[in-house]
Amino acid sequence: RILLVLAALLFLIIFPYTKEIERFKADDLKWTLLNTSVSHKEFDPKVFAFRDTYQISPELRGLNNKEIVMKGFLKQHKHKDHIDIVLTENASDVCFMCDHDEHKVFISVSAKKPGDLNSVPNDIYVELKGIFRILTSEEHGLFHLTDAELINIIKEEK
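Going by the working numbering, the sequence shown opens with residue -16, and the numbers climb by one from there.
The hints are simulated quantities; they were obtained by calculation from the structure and are not laboratory data.
Don't be surprised by glycine CBs; every beta carbon is placed ideally from N, CA and C.
There could be a bad hint or two in this list.
[Stated by the list, open to error] Here are the computed distance ranges between Cβ atoms for each label pair:
1. Ile134 - Tyr37: 24 to 32 Å
2. Asn135 - Leu(-14): 30 to 38 Å
3. Leu(-8) - Asp64: 13 to 21 Å
4. Leu(-11) - Lys112: 14 to 22 Å
5. Gly124 - Thr15: 17 to 25 Å
6. Leu(-7) - Phe31: 25 to 33 Å
7. His23 - Ala(-9): 53 to 61 Å
8. Ile137 - Leu(-13): 20 to 28 Å
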């Protein structure tokens, strides 16, 4: 009985912290839709290598070239002559350009006015508006948000 009581007490102490990660996840149904894209490897004889190909749902294809509003975590990677900006579902310190499962689905972003998003710190939960594009296999990434405008920096509600 003492073991059972101790186990229950330990559970009650630890349980609230197991939900901590949820507040660092973008709570938007569009991420659920984006994550339905299924990838698989396909051999490309032109370059004699395997490449990722994607199955994209008709519902997601219906959003192609349409204006959307999207919430997520803004991440930036600075280079000498430009800054790559992406929107991700999760806040993380993992490089979004590296091949990690954490950022298999992200949206590359280009601002409507160059430099508009450069001052927003990394891993800030934001709401952006822009034109959603599904990219071709020759381009980096799978999704892109063009003419993006910052609508809101979302503060934690807890």
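A quick look at each hint next to the structure:
1. Roughly 28 Å separates the CB atoms of isoleucine 134 and tyrosine 37, a value that falls within the hinted 24 to 32 Å.
2. About 49 Å separates the C-beta atoms of asparagine 135 and leucine -14, a value inconsistent with the hinted range of 30 to 38 Å.
3. Taking the beta carbon of each, leucine -8 and aspartate 64 are about 57 Å apart, not inside 13 to 21 Å as hinted.
4. Evaluation of the 14 to 22 Å hint for leucine -11 and lysine 112 yields a failure: the beta carbon distance comes to about 52 Å.
5. Judged by the Cβ atoms, the range 17 to 25 Å given for glycine 124 and threonine 15 holds: they are separated by roughly 19 Å.
6. At about 55 Å, the beta-carbon gap between leucine -7 and phenylalanine 31 misses the expected band of 25 to 33 Å.
7. Between histidine 23 and alanine -9 the Cβ separation comes to about 45 Å, which falls outside the hinted range of 53 to 61 Å.
8. Distance hint check: the CB atoms of isoleucine 137 and leucine -13 are about 42 Å apart, inconsistent with the given range 20 to 28 Å.
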